[in-house]
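J.: Residue strings, one per chain:
There are 2 protein chains.
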Amino acid sequence: MYIEKINSPTDIKALDTEQLTELAAEIRSGLLNRLSKRGGHFGPNFGFVEATIALHYVFDSPRDKFVFDVSHQCYTHKMLTGRKDAFFNDEHFGDISGYTNPEESEHDFFNVGHTSTSVSLACGLAKARDLMGGSGNVVAIIGDGSLSGGEALEGIDFSAELGSNFIILVNDNDMSIAENHGGLYANLKALRESDGKCECNLFKAMGLDYLYVADGNDISALIEAFRKVRDIDHPIVVHINTVKGKGFEPAELHREEWHWHMPFDPATGKGLWEGGGEDYGSLTCDYLMKKMKADRSVVTITAAVPTNIGFTEDKRREVGAQFVDVGIAEEHAVALASGIAKAGGKPVFATHSSFFQRTYDQISQDLCINSNPATLLVNTASVYGMHDITHLGIYDIPMMSNIPNLVYLAPTNCEEYFAMLDWSIEQDKYPVAVRIPCNGVVHSDKPVDNEYSELNKYRITQQGRGVAIIALGDFYQIGEELAKLITEKTGTAPTLINPRYITGLDVDMLEQLKAEHSVVVTLEDGILNGGFGEKIARFYGADDMKVYCYGLKKEFLDRYAVEDVLIDNHLTPGQIFSDIF
Amino acid sequence: MYIEKINSPTDIKALDTEQLTELAAEIRSGLLNRLSKRGGHFGPNFGFVEATIALHYVFDSPRDKFVFDVSHQCYTHKMLTGRKDAFFNDEHFGDISGYTNPEESEHDFFNVGHTSTSVSLACGLAKARDLMGGSGNVVAIIGDGSLSGGEALEGIDFSAELGSNFIILVNDNDMSIAENHGGLYANLKALRESDGKCECNLFKAMGLDYLYVADGNDISALIEAFRKVRDIDHPIVVHINTVKGKGFEPAELHREEWHWHMPFDPATGKGLWEGGGEDYGSLTCDYLMKKMKADRSVVTITAAVPTNIGFTEDKRREVGAQFVDVGIAEEHAVALASGIAKAGGKPVFATHSSFFQRTYDQISQDLCINSNPATLLVNTASVYGMHDITHLGIYDIPMMSNIPNLVYLAPTNCEEYFAMLDWSIEQDKYPVAVRIPCNGVVHSDKPVDNEYSELNKYRITQQGRGVAIIALGDFYQIGEELAKLITEKTGTAPTLINPRYITGLDVDMLEQLKAEHSVVVTLEDGILNGGFGEKIARFYGADDMKVYCYGLKKEFLDRYAVEDVLIDNHLTPGQIFSDIF
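Residue numbers (my numbering), protein chains in the order written: chain W, 733 to 1313; chain S, 733 to 1313.
It cannot be assumed that every hint is accurate.
Note that identical chains are pooled: a pair holds if it fits in a single copy or bridges any two copies.
[Unchecked claim] List of simulated lysine to aspartate or glutamate pairs, EDC-like, C-alpha gap at most 16 angstroms:
1) Lys745 with Glu931
2) Lys1161 with Glu835
3) Lys960 with Asp997
4) Lys1047 with Glu988
5) Lys929 with Asp941
6) Lys921 with Glu893
7) Lys1023 with Glu1050
8) Lys1002 with Glu981
9) Lys1216 with Glu1287
10) Lys1047 with Glu750
In short, the hints are calculated from the structure, not lab data.
Let the sequences and hints guide you as you build the complete structure.
T.: Here is the structure:
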């Protein structure tokens, strides 16, 4: 196998086209080995094998610098830059992350997992090179799906004025995570259909030179194109048309399903995970489908990750115009929701906690200053959520809960979640965000409130004394366990409180606690800094009440085991008990 | 005068072209009256008089809905919708804000002061109309400068697929706040020069229909164009070429200076404000100019507001390639800075606290996960900063200081500010943000540290006992006054501490304070929620130390008097003294 001898990109430069084609097949077998056993980004990586080989064949990494957007297509690059064991040798799967990572290799320049950032980051490398008298090509790689993101469009617009070597490689597989949305995709189509020749050209309209490669999986054609632009003295877009999932039939046929895939049988593509049990994606989708069918003014909005709340292709089709996927355009999604709410509609925008980070200003300015009653559904907002450094869901409480006018709700179980969501959709006074629970679908047969208009009223779920446990959202169950432990160990039952509202204090209740409690414990599923517990600590700052805040340290975690993190942050009931007694 | 009889837009529909032209002149006299005495957005408003008249002449507001981007061009709209007194009658200047405002009029749909939002917000109005069976035109108005912003580009891209009535009016005066930057502006130029006919067309490339009006200050031409697109059944861009500052010679000649202007003599244009004294804009510019001249790797980056840190046109020219204005593209600016820092450059990106809100995700993902040593200079981050609801600088502490890896510094005087800035530029380890002081240029002859690499070390500036005052940044001077008052009134001097670091606790010092102090007072120039003081309160949560946190309530202030806000938040030394003794 050729791949066995490739330890750095220079090792491929001696191969001829036939050998490179053979290498591509070997690389796909490595991808298949890892992805079938471990899961990961499938379609974009299978489609970008030839382009990566051609890049490393023509350019000279790391002197020439490749910046991968969102890293969905960086696996072949990892294989060719000394990390092939992580694909061919199962014991080494853990050696690499799913994203480019400067700690792994000098061929990686940024740790990237959010979309639409490559052009801007690469502009920085080019600008520094030009100022400081450096040399080498800078190549930003970006998929067509990422082009709709504001940061990418800002970067492309800016790059046109760099006035020096800069290459934007647009990997166009006619697909975002799901299908693309937005007017620019008609232009990409027109460019593909005219062999890059149609006069109206988005990239030229943004001031860039342009080159088209019709078959982006043809190594020879790619090498020829890259040779043309190597050492070019101005910015240029190289637009290549690749096949998402290329070389694995199920992935070519079902491109959305195979964008990212769980482990599967490599012979058939059949998933190894049986599913089973309830999940909040399907439950949320079922609820919203019913709601939309009953009320024309309800609109579900997603931003390129519709299936995360259960909206598979058939569901999207079924609900028609009341479902809007904006593509990768989270800022737009929040402003759109604000506009819909202003006009009397009932919008629900759902995405991951980590992607809401794109919308701080839109939440503040477009939505909350205007007090429009839109609903934001915050997914995987939890230590139990996604575990990669670029996708952590543990920062949304400080980010969002300190924005004035926003009502941010944390349900403690399934029934409460849907009651809060339903209230939010039907009320017409507040911008509301709801954290989708993330610690498994916990049911409760206790009555839940259907009305949350009287803000910041906490619920005492167990009246006790001595210690009051204020347990927010997903960590309510830790609060329950802690309450049980305290009762067992001390013989005195503590008070247990479900605060429900992240965005405000129940001052009356906190005052009343003083009478029969000397200790307050707060629990929250997110970092402590800027979060919920600190507000309680400030409230009691000048009182005799002892306040212990539990949550996570402010840090970037990466590929962690939840249990380790919980222990590290003293979040087990036993640890907490030891701290306070 | 015609304007006297115009109390709602219907009143202009009976006028003929000559009368409308006369009306335009009257409107300009009203603009001149208000702006010469009170200041405000001059150039964009003077350029958009005819277009606003034509809009209200052809369309039927509020059934037809106009959404103004950033509101820089909404004054004529205010005059024609019942608010003319605020321009012609000096006593009524205070009746209106400088921005569109639904509380003022049913003709305003959003409170908007950040750029690039109109298209997305208007998309929401159109979407709701279509779903709920409404009618009427939706018109999003956007200046050419705002087009480079990611949210605008996301919105334009999305709007192409609305499939129903939607009109984007591009007010192209060939100018952002300063000059435009980005490749798309070459396309706007080509469109202007070809009378809208050049084949390569940004808007068409994003899927939109297109109509060009060569003279955007010609009422008849505008009326004709708007009649063509009224009740159109699909999205279209109407691109009009207007003259920024039209009708006031100094403003036409010096377009950047007259984008926004302080009060002036309407006869000559000469400013009434004498200037005088030092300001941090000029000081920062002087410092950076010197720094850049001495070191080719230092780069100053701004995003459309270069003069806010003193970079007037001549300074920008003088420094050449080491100065980068990215235009309205804050997200790109932060990612660019990260890329420059990664490649060994020393980037400094400066903008307003309120505009950094656009970059939460870029600070977190592009910059801090990658630990690249870029410097962010946070301007008008203070209750003493800008007073409009859309431009408040009191949220950056919770927004930024809870992002892992960021070092956020709060200087207490001029010398400390430049020492921190210089350290930040020269170090190569941390992403650093520095708050530019905003409470006047306070000098100190006490020695300042030049080295901040040992993070989170607070400085005791006065050793005392009993009470410890931890006074952050701009509020350090309140801390000094409070310390004096306590000494005077109690005979015991308190300890005064300059914490310097917003992003971490000096745990050793906080521990040591326990020995001789029973009260800690924290002071910070921003909202308390999610801020600095709450972290101190959490630290001492289970101790006997009494903690009093002072700062601002979490709320959206609007057009406030600083003194009132300080009193309302118990921020005078006298009030604080009464609270703690």
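J.: Which of the stated hints cannot be reconciled with the structure, identified by number in ascending sequence?
T.: Violated hints: 1, 3, 9 and 10; rest satisfied.
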